[in-house]
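Chemist: Spelled out from the first residue to the last, the chains are:
Protein chains: 2
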Amino acid sequence: MKRRKFLKGAAAGGVAAAAATVSAPAISQGIKQLKMVTTWPAKFPGLGTGAERLAQRIGTMSGGKLQIKVYGGGELVPPFQSFDAVSQGKAEMSHSVSYYWQGKSPAFNFFAAVPYGFTADEHYAWMLWGDGTKLWTELCDQFGVVPFMRASTGVQMGGWYRKEMTSLDDFKGLKFRMPGLGGEVLRKLGATVVNLPGGEIFPALQAGTIDGTEWVGPFNDLAFGFYKVAKFYYWPGFHEPNTTGEVLVNKKVWNGLSKEHQEIIRVAVQAESTLEFAEFNYKSADALDVLLNKHGVQLRNFSDDMLRAFYKASEEVVAEVGNKDPFTKKVYESFISARKKLAGWSALGEQGYLNARSLSLKP
Amino acid sequence: MKRRKFLKGAAAGGVAAAAATVSAPAISQGIKQLKMVTTWPAKFPGLGTGAERLAQRIGTMSGGKLQIKVYGGGELVPPFQSFDAVSQGKAEMSHSVSYYWQGKSPAFNFFAAVPYGFTADEHYAWMLWGDGTKLWTELCDQFGVVPFMRASTGVQMGGWYRKEMTSLDDFKGLKFRMPGLGGEVLRKLGATVVNLPGGEIFPALQAGTIDGTEWVGPFNDLAFGFYKVAKFYYWPGFHEPNTTGEVLVNKKVWNGLSKEHQEIIRVAVQAESTLEFAEFNYKSADALDVLLNKHGVQLRNFSDDMLRAFYKASEEVVAEVGNKDPFTKKVYESFISARKKLAGWSALGEQGYLNARSLSLKP
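Protein sequence lines correspond, in order, to chains A and B.
First residue of the first sequence? That's 3 in the working numbering, and the numbers climb one at a time after it.
First residue of the second sequence? That's 3 in the working numbering, and the numbers climb one at a time after it.
Hints are not guaranteed to be accurate.
Remember, identical chains collapse to one label, so a pair may be satisfied in a single copy or spanning two.
When the alpha-carbon atoms are kept at most 27 Å apart in a straight line, the in silico DSSO-like pairs for lysine-lysine are as follows [stated by the list, open to error]:
#	residue 1	residue 2
1	K67	K261
2	K332	K285
3	K136	K342
4	K331	K136
5	K190	K364
6	K45	K136
7	K34	K67
8	K285	K230
9	K71	K261
10	K71	K34
11	K136	K106
12	K261	K34
13	K233	K342
14	K233	K343
15	K326	K364
16	K285	K343
17	K332	K253
Worth flagging that the hints you see were computed from the coordinates, not collected in a lab.
When you get a sec, could you build the whole thing from the sequences and use the hints?
Modeler: In structure tokens:
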């Protein structure tokens, strides 16, 4: 997803002083006003609009007693201070993705996405019925925050390339924008990996300063217009196969909520796992249609050789991250064991069915 | 899924007279007591336990003001009268699957599952962001009920076979238990399709009265012990690739609820789309491990020839159903167009990624 630099750029301008106080009349009516900071620009399609919808639903369900005000990245605190803001009580809640906090612990990567990790449905299974949420809650507890799993973007795309990639050698010296663990993987294959703020990607691609970039998937990529300067759109995105979001709540605030309000927040965030993920799927299907049939985008899939090399490098990168400290190792081991089991089921279910259907149904 | 006969059998005994009245003290405290009938035995793993959890969550979120009492199939009305019970106001809500009501309109099939239809995530996308829910609501309105999409079971398995299937000819005369549209497909291929109540399947398989049966997937199949009498477990289940559930609410009751309580029900049911589906995935992965490594089950996948023949027959069966009346035709056309688009995206995303991963990660 990699909005990091993009958002830092977008938010550099003004950190507005937001109304952080709760009014006396509100208190007398038993109304709780909570601030929710986000790591995306206000009303950013899918993610920002999802934050607004979540706030609205919580408000409605609580009969107006839980009022959540959403702040775009930079409006109350800079986007990448939102974890600290919740931890320190400057904001009561945040709406973000866990891998942004990997500087605090490498374990945070596993609660969002790692290269060649879970699909969205596998991730949901591990988080909700396996050890995922238990381990995550234990980790977040050290920082005084309580985590809740939000929606996944689904499998991301492999990115936009100015030239066709014909062999693994083509990655050597390739100037490609891909932050995070996926970037580490490409670096192992000889690429020159760069990070650029969102607003600088298009001109860099156009000028040939970079040879390609990844972003999210068709829904979010279409708006950026990358197709105008890089015709080859590669799949699949091995580097972020689910990218699942989070809502964090300050622990003291959480413990001060009634059982009723706790359940409203818990269930509303969980409903987003369905609703927002479905939005990414539906709108990506539509956007893909536009990219292919209106803008003449050329789809290419990575060759089996490339995919095997990505896998080998990914396993090395993820193992390195997973062995950095004892707690992260515990998370890594749970991930590896759940991935093996869930991949076994996916092979017969989801994957088996999709392959069976595509023998006959040609998109 | 096909619990029809099984449940009819299970429920034949006693339709208990349930307390249908709302107590005077409850009314004075603003408490609403709603009865939710289901089409499964009380506390049936996954589906019945999901109904209980839903009721509990709605109760907690409403601070005890919305009290939902769950009735197993047959406790208040027989399982397959639950739609009518909600329509006529004998019960306020039901927890079921839409294709059970195909006798009222063939269009109901499309809101649950049809052979070679959507995966769970594609179904959620069509229902929540495409025309699915709009069309379904229009259909249900004629019966005075309001529908909400619940969880999917995910892709089901192809079923248990006593013998290996080596060619399409093996389906000729095969005595196989598969109700619904999937059964129609096998019939087209020459099978003798039978329906049996759940409790009669195991003895029939053991005695050789039938050559095989489908049920749901590893999680629900393990408990039935089919592996003891039919060693070959086929995949994938082309006949029910998502099987998504529903909650129905009586329309007058719905209109009488506050905005707050309406939103609590809407969001709680949507959260189940994540939670219960994740349960099926997680527990199926575990159960598959037990079936393979403890019970020596032999996995077999249908050959490409078989899968192509299933597809051809499925398309005929579904088109026949989809052209039965003008409203159903509208639903069928929306389904066909959304399937094409969503399958195009799945091919690059979910399917593309799963195939890439399995080049290297062997379950």
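Chemist: Which hint numbers doesn't this structure obey?
Modeler: none
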